[in-house]
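Listed below are the residues making up each chain.
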Amino acid sequence: MAAIEMKNIVKQYGDGFAAVNDVSIDVADGEFVILVGPSGCGKSTLLRMIVGLEDITSGDMIIGGERVNDMAPRDRDLAMVFQNYALYPHLTVYENIAFPLRLAKNFSESEIDEKVRTASATLELDEHLDRKPGNLSGGQRQRVAMGRAIVRDAKAFLFDEPLSNLDAKLRGQMRTEISRLQRRLGITTVYVTHDQTEAMTLGDRVAVLRRGFMEQLATPRELYENPVNLFVAGFIGSPPMNFLPATVEGDMVELPFGRVKIPAEKAARAKGRGLLIAGIRPEHFEDASVMDRATVAEGSTFRAHVDVTEWLGDQQYAYIPFEAPPEVQAQLTQLERDLDGESIRTQLVVSLDSASRVPEGEEIELYVNAAKMHLFDPSTGDNLTVTSPHEETSAHSSSTSSSSSGASVAR
Amino acid sequence: MRTKVGQGIGLVLILLWCLFPVAWILSLSFKSVEEAAAGSPQFLPKDPTLDTYQVVLQDADFQRALINSFGISLIATTLSVILATLAAYAIARLDFTGKRVVLSIALAIAMFPVVSLVGPLFDQWRVLGLFDTWPGLIIPYMSFTLPLAIWTLSAFFREIPWEMEQAAQVDGATAWQAFRKVIVPLAAPGVFTAAILTFFFAWNDFVFGISLTSTTDARPVPAQLAFFVGPDQFNAPTSTLAAASMMVTVPIIIIVLLFQRKIVAGLTSGAVKG
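Which chain is which? The protein sequence lines are A and B, in order.
Quick note, in the numbering used here, the first sequence goes up one by one and the last residue is 411.
Quick note, in the numbering used here, the second sequence goes up one by one and the last residue is 685.
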């Protein structure tokens, strides 16, 4: 086991395209770090640079205190699970798992057997050991790929979107399984995904990447509650954060639906900035009619026309379309594109209590917890209302993340 | 049901069409020399005999030709497949300048008419001392079968996902180990296909065999057949030739049946996501 330090890593292709730009991440010994971002953000490239399948243009890759930039993959002693598993189809499950051990040449036959059986027992593959990968289901293949990784005591695990080929149910199970395995083995892990649920649930810390730049490196909670910019705010959370045009006057914020009061401290930071983008998560709205009067009176309420509702049993979502001014619209369209999405119309998504009986197509009174509102600068996308300053922020400010370590992980 | 019957009839017709000449040779080979030359052909031999096989087998020149044929074909096949595997791997996986040139030249060589090269080769081989030797036949066989083998194998290599190799490298394999333990086993159907094609070419060749040899030192079977003589100049050795033909056909059939099991399509299934 070892820590992985990435210092100002740059990957530039022959045509000058920079897939990874000046990314610095410290992965502490035993820590579980997620690289997340939309497609084309450089997360897989970064992972492949760690394992050595991709050359590093500049910067230092340090694994266990040793600079490995020029080392071949086999000398780095890392285990990787590929997106498509890359099992050896001509070998049985047993031989697939034993493959790295046989290559290492310093294990006796009985040692190999013991290690393979331990790994297969951990992953419940015992009954499949004599089968070929071609006869296994997707989930079983995935486990064989994991078995091949855990069978040797590698310095770190690397996962490249390991669950993206599984169906939703299996994905949930394997996610828990990976988390349990990592906690038990306590091995340094870097995990690439585009799925923010995986990122939030698995990681000790999460690095959000966009177009080769690291936007934010923080714990999942920190990312959710204090996104440093529009991109992170929009990427983390499902359904995503709502972005609304807003202007601040005193401690009141003018939204398309009305005026709401925000804490004086937040208002002060946004003073005199003109048109801003307000970010409010869906769960910070509520149907005022199902809440008690006292709570409603403390916050702000507004009336809005509900277009569509989706009832999911434990909660329900209501959609409220609105018109955004062109200055904000441009930024939101760009953001949507960065997030791999396609904005059809600007709409507000609110999460309501499932007890609420909101009739579609009618006006209802909505409560909003304005204290949780974020305000973003429309031109830069920076969050003006980050509550606690933290050192491990964005790559744009090229701050080093040296002070972060496993100890800062609060989970 | 009706389509199945139709299929069956069609199959029988095709088999008859293809196998009738073989059956004719087979029946000829059991006829005595006199009967085959008699001029009133009937399909089944009146008086089946194994004399012809005995004559062929006891012919020292034929024995020698059989050894030549096996030796030359096997060596040419082995060398050709090894070289083609390495070359095809490089072509499928590596980016190097002149890759397209190599491929087009290989294709051009494969399309070159064999006969047009016999004259120049004959002269060259005499000068170089390769005339009437095993290498003198192995070299041209290889140069004509390599292009086909390279094209076949590089198609197979391209089908193998890159990740297989990368996974092997991460697991601790050197490039050579990854090639030998992962890529070659996966390309086995391609290797066997290339081997069969090469062996056929070498085994069946007549033009080089007759032109580049002068004695039984290197003369292969197809050429040797031309030197069979009948009891006198008016009686062609038809039945002896038929017996010899059967004896050179059988190894090919056995080899194909053996290799056929190895050519299992979809060997890579299960490597990647299902």
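Hints listed in this document are in silico derivations from the structure and should not be mistaken for laboratory results.
Note that the structure is a prediction, hence the values are computed from the model and not measured.
It cannot be assumed that every hint is accurate.
[Claimed, not checked] Between beta-carbon pairs, the in silico distance windows are:
1) B/T660 to A/T92: 35 to 41 Å
2) A/E127 to B/F617: 56 to 62 Å
3) B/V640 to A/T92: 57 to 63 Å
4) A/N8 to B/A566: 38 to 44 Å
5) A/A168 to B/D506: 35 to 41 Å
6) B/V595 to A/S39: 19 to 25 Å
7) B/S515 to A/S164: 48 to 54 Å
8) B/F507 to A/D130: 23 to 29 Å
9) B/A566 to A/E127: 49 to 55 Å
10) B/S515 to A/D130: 55 to 61 Å
11) B/L518 to A/Q334: 34 to 40 Å
The beta-carbon is built from N, C-alpha and C at its ideal position, and this holds for glycine as well.
Here's how the hints hold up against the structure:
no., hint, in the structure
1, B/T660 to A/T92: 35 to 41 Å, "holds, 39 Å"
2, A/E127 to B/F617: 56 to 62 Å, "holds, 57 Å"
3, B/V640 to A/T92: 57 to 63 Å, "holds, 59 Å"
4, A/N8 to B/A566: 38 to 44 Å, "holds, 43 Å"
5, A/A168 to B/D506: 35 to 41 Å, "holds, 39 Å"
6, B/V595 to A/S39: 19 to 25 Å, "violated, 34 Å"
7, B/S515 to A/S164: 48 to 54 Å, "violated, 40 Å"
8, B/F507 to A/D130: 23 to 29 Å, "violated, 42 Å"
9, B/A566 to A/E127: 49 to 55 Å, "violated, 37 Å"
10, B/S515 to A/D130: 55 to 61 Å, "violated, 47 Å"
11, B/L518 to A/Q334: 34 to 40 Å, "violated, 50 Å"
Hints 6, 7, 8, 9, 10 and 11 from the earlier list are contradicted by this structure; the remaining hints agree with it.
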